[in-house]
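> Chain by chain, the residues run as shown.
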Amino acid sequence: MDLKIWGCAVLFPVQILYCILKASVRWLLPCKRKDLGAEVVLITGGGRGIGRHLAKEFAKQGAKKVILWGRTEKCLKETCEEISMTGTECHYFVCDVGNREEVYQQAKVVREKVGDVTILINNAAVVHGKSLMNSDDDALLKTQHINTLGQFWTTKAFLPRMLELCNGHVVCINSILSLSSIPGAIDYCTSKASSFAFMESLTLGLLDCPGVGCTTVLPFHTDTEMFQGMRVRFPQLFPPLNPEIVAQRTVDAVRTNTAFVVLPWTMHILVILKSFLPQSALEEIYKFSGSYTCMNTFKGRT
Amino acid sequence: MNIVAEFFVVSLKVVWAFILAGAKWLIRPREKSVAGQVCVITGAGSGLGRLFAKEFARRGATLVLWDINRQGNEETAEMVRQIYRDMSVSKEGKYISLKPHDGVQDVPLIQPQVFTYYCDVSKRESVYSTAEKVRREVGNIDILINNAGVVSGHHLLECPDELIERTMMVNCHAHFWTSKAFLPKMLELNHGHIVTVASSLGLFTTAGVEDYCASKFGAIGFHESLSHELKAADKDGIKMTLVCPFLVDTGMFKGCKIRKEMAPFFPPLKPEYCVKEAMRAILTDQPMVCTPRAMYMVTFMKTVLPFDAIVCMYRFIGADKCMYPFLAHRKESMNNNEAKSGM
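Which chain is which? The protein sequence lines are R and U, in order. Numbering of the first sequence is given in the working numbering, commencing with residue 1 and proceeding in unit increments. Numbering of the second sequence is given in the working numbering, commencing with residue 303 and proceeding in unit increments.
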């Protein structure tokens, strides 16, 4: 027993080094990618924004079926038609992920009509974009229900079957704001931080389950309708991301089974800085980089 | 201002912040006095909340205790009253007990009092109405301690949905309502202190307790966003402190254990120690406190290492599955009908 622990202790730094090395090699060399030919992809919030681009990207990469969930039938229909034109089977269902009963009910419908979902993409999110005192209570709760609790329900609905089949992937389109909060979007920061924790915990829990993986994507400000009007101070240095790029990187991460993707990579610096800077230093940097004022011009989805 | 000059100034300020932080580390700043201030503590009926109440009572603060458990809350109140009595005996002359017919208005120091309220923080209306009652009966509050927390103790797929919702509502959403209830007055006076009692599981996660981690991360996200919000609005008078204790020995996570060989390095915290450290941070307006200090290191490592390496680290410490015995224990006691409802 003693020997074992000493063995582990000696092996530990080697393992860590190996992991770091592996991660850096993966950066440079291409690695094996999963074939999506047999996968049934479900995307929540698939009608517009990143979700729409994700649906198109999955269809392009050869997914067997694409299922869209969303609240606005018009957008869903448009996206669905667009994808059907490319020859991929596509279905859409109107479902508000914030509503638990509806999620379970629609999940049943999907299982009966389309089949087992093997890739679940939790992408649906809303943002209220106000400071705490200006926020409406119901709006705060709505953001929580859609961004965080919605993920619990969808995962609970589809994960058991994935575990049975030993084939599945749970993806979460999160935000870099989950790791570094900004003022003026308190509902969004709270809910996204929760959903990050949920995914991290789930990823750790599913490590021992063969065939079932998790991916969390943390993009910076993406150029979609949702965060319309948000303005960063140095757009040349931190340009808003193109939703297509986010979609491409997400699909790629699913195929290579990468657990966490931070987009763009420069955001790693922010996260690392945040973990050791004293609060007052962080505040100065935030002030300088315009994080304190970026939500002032926020308009959002109108 | 020229961008280069501004950058230079910011860099200097960052360096200065480091120097200040280092200086604070060497020379502890003076603790502020909370005597006579009104302090609201949620979840005061047991665990850390009760200890916080006792600590604040020793410093002469008026206490407003909230809990869903009436009996526990009354017990805490009784302990607080005992502390007040002891104090007025030991510091005779400083605290003169006010008798109703005395009519002494010129006593320099107010006798601190304790108020108890029944409140389910997960319910918005309950929080707002209780807060209104506090305002009417006690007055303005100075310190708000968001401490109430629950844990469901089930694996995600076995957990009843209501319990997931409850965990989120008590541990995370409740902070919205309590803050919203008391913040307007604090903003008006530009004076106050909001304390969030989160957990180390709000900085890193472990398998099997998705809902708890999610709620604690959420609480921290909320705390950080709010503190930046206050900073952006130039409300320097309102302080924020985030308390992240590692596993505390209050029975909340009974059964949880990390690898046997590593356990001596990360012993469960004594609640008294944890509260003592937290009090020191609160009274010196420190923005964040992790106990034990090793947790800062873990948090930092987590951001620099790739995920595979983090998993290696977790496995080495045995932290990735540390909650499984707790969950099993919980399940067993549920089967034996031992588990108290509402926990």
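Incorrect hints may have been included.
Unchecked claim - Lysine to aspartate or glutamate pairs mimicking DMTMM-like chemistry, simulated, CA-CA at most 20 Å apart:
1) R:Lys-287 x U:Glu-434
2) U:Lys-482 x R:Glu-244
3) U:Lys-482 x U:Glu-563
4) U:Lys-533 x R:Glu-284
5) U:Lys-487 x U:Glu-574
Unchecked claim - Listing some non-contacts, in silico: residues in chain U with all C-beta distances to chain R over 10 Å:
6) Gln-413
7) Leu-459
8) Leu-491
9) Lys-572
As the list claims (entries may be wrong) - What the simulated footprint calls covered on chain R by chain U, stretch by stretch (three residues with Cβ under 8 Å from a Cβ of chain U suffice, anywhere in the stretch; the number is not a length):
10) 17-29
11) 55-68
12) 127-134
13) 143-153
14) 181-190
15) 278-292
Hints are computed from structural coordinates only; laboratory data are not their basis. Think of the CB as a built atom: it goes at the ideal place given N, C-alpha and C, for glycine as much as any other residue.
> Looking back at the hints listed earlier, which ones does the structure fail to meet?
Violated hints: 1, 2, 3, 5, 7, 11; rest satisfied.
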